[in-house]
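If you read the protein sequences in the order shown, they are chains W and R.
Quick note on numbering: the working numbering labels position 73 of the first sequence as 73, and the sequence is numbered without any gaps.
Quick note on numbering: the working numbering labels position 128 of the second sequence as 128, and the sequence is numbered without any gaps.
Quick caveat, the hints were computed from the structure, so don't treat them as lab data.
Ideal Cβ positions, reconstructed from N, Cα and C, are used throughout, including at glycine.
Watch out, some of these pointers could steer you wrong.
Claimed, not checked - Beyond 12 angstroms from chain W on every Cβ pair, some chain R residues (computed):
id, residue
1, 15
2, 21
3, 24
4, 53
5, 61
6, 78
7, 86
8, 101
9, 129
10, 147
Said to hold, decoys possible - Keeping only pairs whose Cα atoms sit at most 20 angstroms apart, straight-line, the calculated SDA-like set for lysine to any residue is:
id, chain 1, residue 1, chain 2, residue 2
11, R, 19, R, 3
12, R, 106, W, 96
13, R, 106, W, 20
14, R, 19, W, 106
15, W, 99, R, 107
16, R, 106, W, 116
17, W, 99, R, 108
18, R, 19, W, 116
19, R, 19, W, 98
20, R, 106, W, 98
21, W, 20, R, 19
22, W, 20, R, 7
23, W, 20, R, 74
As the list claims (entries may be wrong) - Here are the computed distance ranges between Cβ atoms for each label pair:
id, chain 1, residue 1, chain 2, residue 2, range
24, W, 78, R, 18, 33 to 41 angstroms
25, R, 111, W, 99, 18 to 26 angstroms
26, W, 79, R, 51, 25 to 33 angstroms
27, W, 112, R, 32, 37 to 45 angstroms
28, W, 91, R, 137, 30 to 38 angstroms
29, W, 23, R, 15, 18 to 26 angstroms
30, R, 29, W, 124, 45 to 53 angstroms
31, R, 28, W, 43, 20 to 28 angstroms
32, W, 44, R, 124, 39 to 47 angstroms
33, W, 114, R, 51, 28 to 36 angstroms
34, R, 122, W, 91, 44 to 52 angstroms
35, R, 78, W, 117, 16 to 24 angstroms
36, W, 44, R, 127, 41 to 49 angstroms
37, R, 1, W, 60, 34 to 42 angstroms
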Amino acid sequence: MAMNVLIVDDSSVMRSMILKTLRMSGVSLGEVHNAGNGREGLDILDSNWIDLVFLDINMPVMTGEEMIDEMRRNDLMKDTPVIVVSTEGSQTRIDQLMKHKAVKFIHKPFTPEVIRDAVLEVTGASGSED
Amino acid sequence: MNEAISEVLAKLGVDSLEKLAFMFPFPESPPPDLELENSLGSSVNFTGPYSGTLTMILSDDVLRELTVNMLGVDEDEEVTPEQLNDAIGEAVNIICGNVLPLIAGKEAIFNIQAPEIFPGREPDEKSLTARAYLSIDEGWCDISLAFQGAAPETAAEAVEE
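The task is simple: from the sequences and hints, build the whole structure.
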């Protein structure tokens, strides 16, 4: 079943790369939405059905962590799976993020297989048409 | 120059360019002078247990190929200066995010600033802790790491462990 995804990253090139890699991974995609920061991401979540969010952490206006906090406070968004895609290298920070924000973490750079496995883990289905 | 950290930089540079853009760089000794005429650089400052700057300089052809491949567009498609800047900024950010845990340990917490973009310039060898030069087809990639103050000895130990 096709998944509607939201990709939130202040780099338009990285957003394109995440989408390209998602397509290579075999995940079945429905609507794809893009946002340049957490605030834009929340606006899109507010007005669209989103099955999965890919989220950078360090962004202007609203960071990824702030966006996750807002999502968790909103009954309509709180259960939306989130995959954080970041350059964060500190295992301390990664563990805190995963534990307290209930997200999956992918480290940049990533391969299609890593994205596919992460999608499977957080959604319970790869969405593959195979 | 710290050879152990330079090797780590080279390996990360190779790995990152392979995963980001399906490119296949080869580490080489840097030439006496970089061909800077057609190149672009990006650097990120970081603070934490150690502070410093990671810099990446790419020849124009390598930068274009990196950008095109990250975007997933055709080779001959036009890319904007903003996209080129974005691509090199992301690449240097990624390498920095990956090299710091290898030097300082996985538990260390660093803050990495937003990347700065500038015309290619020769690295100041005297201030460098580590440097890696990668050859990619007809182009090149130069990655250098400079700590503010002397690099602590534990940095080298962490890499060699």
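Exercise for the section: Could you grab the alpha-carbon distance between residue 20(W) and residue 19(R) and see if it respects the 20 angstroms cut-off? Expected result: Holds, at roughly 12 angstroms.
Practice task
Would you mind confirming whether the straight-line C-alpha gap from residue 20(W) to residue 7(R) stays at or under 20 angstroms?
Solution key: Violated - the C-alpha atoms of residue 7(R) and residue 20(W) are around 30 angstroms apart, more than 20 angstroms.
Practice task
Take the C-alpha atoms of residue 19(R) and residue 98(W), compute the straight-line distance between them, and say whether it is at most 20 angstroms.
Solution key: 24 angstroms, violated
Handout entry: Separation of residue 147(R) from chain W, once the least beta-carbon distance is taken, above 12 angstroms
Key = 16 angstroms, holds
Exercise for the section: Compare the distance between the alpha carbons of residue 99(W) and residue 107(R) with 20 angstroms, and conclude whether the hinted pair is satisfied. Expected result: 16 angstroms, holds
Exercise for the section: Hint says 28 to 36 angstroms; check whether the CB-CB distance for residue 114(W) and residue 51(R) agrees. Expected result: 31 angstroms, holds
Practice task
Starting from the hint 25 to 33 angstroms, judge whether the C-beta atoms of residue 79(W) and residue 51(R) obey it.
Solution key: 40 angstroms, violated
Practice task
Indicate whether the distance between the beta carbons of residue 44(W) and residue 124(R) respects the range 39 to 47 angstroms.
Solution key: Cβ of residue 44(W) to Cβ of residue 124(R): about 44 angstroms, so the range 39 to 47 angstroms holds.
Handout entry: Hint check for residue 124(W) and residue 29(R) - Cβ pair distance inside 45 to 53 angstroms
Key = 50 angstroms, holds
Exercise for the section: Report holds if the minimum CB distance from residue 53(R) to chain W is greater than 12 angstroms, and violated otherwise. Expected result: Given a closest Cβ separation of 16 angstroms, the condition holds.
Practice task
Take a look at whether the Cβ-Cβ distance between residue 111(R) and residue 99(W) falls inside 18 to 26 angstroms.
Solution key: Given a distance of about 21 angstroms, which is inside 18 to 26 angstroms, the answer is holds.
Exercise for the section: Check the non-interface label on residue 24(R): least C-beta distance to chain W beyond 12 angstroms or not. Expected result: 14 angstroms, holds
When held up to the earlier numbered hints, the structure conflicts with 1, 2, 7, 8, 11, 13, 16, 19, 22, 26, 31, 34 and 35 and fits the remainder.
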